[in-house]
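When you get a sec, could you build the whole thing from the sequences and use the hints?
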Amino acid sequence: MGTSKGEALIVDGKRLDGRKFDELRPIKIEAGVLEQADGSAYVEMGGSHVLAAVYGPVEMHPRHKMLPDRVVLQTQYEMAPFSVPDRKRPGPDRRSKEIAKVTKEALESVIYVEDYAQSAIRLHIEILQADAGTRVTGLTAASVALADAGIKMRDMVAACASGKIDDTIVLDLNGIEDNTGQADLPVAYAAGLDEITLLQMDGLMTEDEFEKGLKYAIDGCKTIYELQKDALKRRYKNE
Amino acid sequence: MSRAIVSKIEKANVLALAEEGKRLDGRKFDEIRPITIETGLYARAKGSANVKLGTMEVAAGVSIGTMEPYPDSPDSGTLSVTAELTPMSYEHFSMGPPSDDDIELSRVVDRGIRESKAIEMDKLVVESGVEVRSVFVDLWTLNYAGNPIDAASLAGVAALHNAEDEELGKLPVVKKPIANTFIKIGEHILLDPSLEEEKALEARFTVTLEDTGNVCAMQKAGSSNWTTDEILACVKIAAKHSKETRKLLK
Amino acid sequence: MTLKIKNRDIVVPGELLGTGDLLLGEGTYKRGKNVHSNILGLVDSKENFIKVIALNGRYIPKPKDVVIGVVKDISFSHWSLDLNSAYGGVLTVANGTDYFVNLDDEDISKIYGIGDAIVAKILNVSKAMNAGLTMKDRGLYKLSGGRIITITSTKVPRVIGRKGTMVQMIKDMTGCKITVGQNGRVWISGDNEELAVEAIKLIESKAHTPGLTENIRKFLEKSTGNKSSLQPKPVGSKEPEAESVESKEPEAEAEESKEAEE
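Sequence order for the protein chains is A, B and C. Going from the first sequence to this note's numbering is simple: count from 1 and add 908. Going from the second sequence to this note's numbering is simple: count from 1 and add 10. Going from the third sequence to this note's numbering is simple: count from 1 and add 1109.
Worth flagging that the hints you see were computed from the coordinates, not collected in a lab. Hints are not guaranteed to be accurate.
Some chain C residues well away from chain A (every beta-carbon gap over 10 Å; in silico) [to be verified]: (1) L1125; (2) T1128; (3) G1134; (4) I1169; (5) Y1196; (6) D1207; (7) E1215; (8) I1217; (9) K1251; (10) T1274; (11) K1280; (12) G1299; (13) R1326; (14) G1334.
Derived list of chain A stretches under chain B, where covered just means 3 residues or more per stretch with a C-beta under 8 Å from a C-beta of chain B [to be verified]: (15) 942-950; (16) 955-964; (17) 1004-1012; (18) 1024-1037.
For each residue, glycine too, the CB sits at the ideal point set by N, CA and C.
Printed below as a string of structure tokens:
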């Protein structure tokens, strides 16, 4: 129970940062923040700050990887060297490649991929500051950036992670909770379609705990979905 | 730097305007775009800054670690500057290992900081010959709008001045080197090229000056050549403007 | 049939627009009885018809579109054009000239060279998404002089305006020839090119707002100190902007001020 130093993560029924078990960290979403990119978004989930940019449809490079009947969603997930206290060496590593893959698949499932055959859509997710939940923050930003770029999609995709700390299921772990938590469950969800587009889990959970964690995450995604919509509408409101 | 398709008309237009003493965005030949500098934005880094030169946006972060000193300088800390022209910032930058342009950008910014002796490297010794502090400056373009060198250089210097570490305290940074990049269009020299101006031609020249007015780094780039008078003219303009730009760094 | 949103609302992908029997246009799709948007855009709804006009998006070549292409490559018998799109265009010698060209004698790069900008029309788009272009039509020619700017292709209908009225107003007030390509490239040449560029960029940033024509007219009048010769719209009249999306007569898009317009 508690952190490796033996400190509890839950004290008097509250988390160390004062949040309730099913409460998200403060979230900020802005659409259309970059000039060159066709679509872009900046998202903060607590201390995780992420920028996403989309270019597309663009010519596919390298050409031999082009697909005749659908688009190729080229996805890059990168952590800035200065996003973590111990400098991260620039360049892709195994973790970022895996995150890019599941992110790509989470979004391809809602994009009208056949409408952009023989071309590419480039998606770049850059983590400027990390405090756990970077992949879900990135996915949330990516979805907004794709919509901002005018890419056809069946629905918006929102993402957040739940987890287990001190034998308790909680929503949206921050860095301290994630470091010494007992399980991590990132989920991406298309609220309008009621479809889960990303689901990963690591740690130890009973079936009941997993069910509760999944419900927390989906409820969290529904809240984030409204914030994504609001950010996109706000972009065009007072121009 | 950009590999965009540019029509003859777009190139000719930049030159035609220059012949009339004008630029596409209405600036004078020796006028730089508006600059915004924000420091401390990226809280995980020891020091950080975000610079916008017009809409050319660069994020900079400073990390401080420790390592063995280089054998030929046992009493000096180390400095490493890495810059990336990110594919996020421009359609025509591709993903993959550092390109020649990334490397040139890193090295030109590095030269300005290193040769100006901006960081007091002798104050970065933990134990002589055994352990010294290593300073990393990482620069990422977030939005590309021409002239990444001047924007990245400014961001790097601002981040260094913002840097502090629990053990060391404030990073000992005593200079503010300012890079000034020019391009040549016909016979005309323009300071701080915008993206459209960069697309129109290839002759570029950067000169970096430190606080006392000394020149500490230079780089000519592109396959067009410059006369002696043109280079000297650039240095004069740079000397004047770097003083103004330096005031923006508190 | 019930609508959940109003005309001119901004909607996001997946958003519920309405239920029941509706005639559906671009930007919409059905899920059972419900109609949803599949794009970030502006709702255009009348009676039983609903569509969503995209606020952003890269150009995708369509037959009959008049575009401004830039020559990026030349082969023995055709030019490859950049169309400011993921997809390129091909102009064969036969479609590129009005006269006979003997390929054994002539080097076609002398007709159009790398970097030349030309106004062409898309004849067809192959399955491999290559656009076949032609210059054999009224208003299609190689451009020279002036300047070229690029805007988001979804804003082109607003720059042209209903039956070309918006672009005509800009031409009149700036003394410029203007050619607007459906692919977002705009060529401007004349007295006050800077003002024309400003006006077009203003339209691009405010394309989704009501009263756009009036705002641009006011902007141009203020900048030039002249009054526009076009008839002001009567107060309270329905905004035609939403309909201008459908005006795609090639003449209105490709003409210089010298050629007659309706």
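Okay, the hints, checked on the actual structure:
1. Residue-level check failed: L1125/C sits 7 Å from the nearest beta carbon of chain A, not beyond 10 Å.
2. Against the 10 Å criterion, T1128/C stays outside the reach of chain A, whose nearest CB is about 14 Å from its own CB.
3. At the 10 Å boundary, the C-beta of G1134/C stays outside the reach of chain A, the nearest C-beta of that chain being 14 Å off.
4. Against chain A, the non-interface label of I1169/C is violated: not every CB pair exceeds 10 Å, the least being about 7 Å.
5. A beta-carbon of chain A comes within 10 Å of the beta-carbon of Y1196/C; the shortest separation is about 7 Å.
6. Every Cβ of chain A is farther than 10 Å from the Cβ of D1207/C; the closest lies at roughly 31 Å, confirming the non-interface assignment.
7. Taking the minimum C-beta to C-beta distance to chain A, about 30 Å, the non-interface status of E1215/C holds against the 10 Å cut.
8. The claim that I1217/C lies off the interface holds: its Cβ sits roughly 24 Å from the closest Cβ of chain A, which is beyond the 10 Å cut-off.
9. At roughly 24 Å from the closest C-beta of chain A, the C-beta of K1251/C stays outside 10 Å, upholding its exclusion from the interface.
10. Non-interface status of T1274/C relative to chain A is upheld: no Cβ of that chain comes within 10 Å, the nearest being about 22 Å off.
11. For K1280/C, the shortest C-beta to C-beta distance to chain A comes to about 25 Å, beyond the 10 Å cut-off, and the non-interface label holds.
12. With a least CB separation of 28 Å from chain A, G1299/C remains clear of the 10 Å interface cut-off, as annotated.
13. The Cβ of R1326/C sits about 18 Å from the closest Cβ of chain A, beyond the 10 Å cut-off, so the non-interface label holds.
14. With a closest Cβ-Cβ approach of about 26 Å to chain A, G1334/C is found to remain outside the 10 Å limit, as its non-interface label requires.
15. For the region 942-950 of chain A, the stated coverage by chain B holds: 4 residues have a C-beta nearer than 8 Å to a C-beta of that chain, and at least 3 were required.
16. As drawn, the region 955-964 of chain A meets chain B at 5 residues by the rule of a beta-carbon pair under 8 Å; at three or more, the given contact holds.
17. For the region 1004-1012 of chain A, the assignment as covered by chain B is violated, since 0 residues bring a beta-carbon within under 8 Å of that chain's beta-carbons and 3 are needed.
18. A count of 5 residues in the region 1024-1037 of chain A with a Cβ less than 8 Å from any Cβ of chain B is obtained; the coverage claim is therefore met, three being the minimum.
Hint compliance for this structure: hints 1, 4, 5, 17 are broken, all remaining hints hold.
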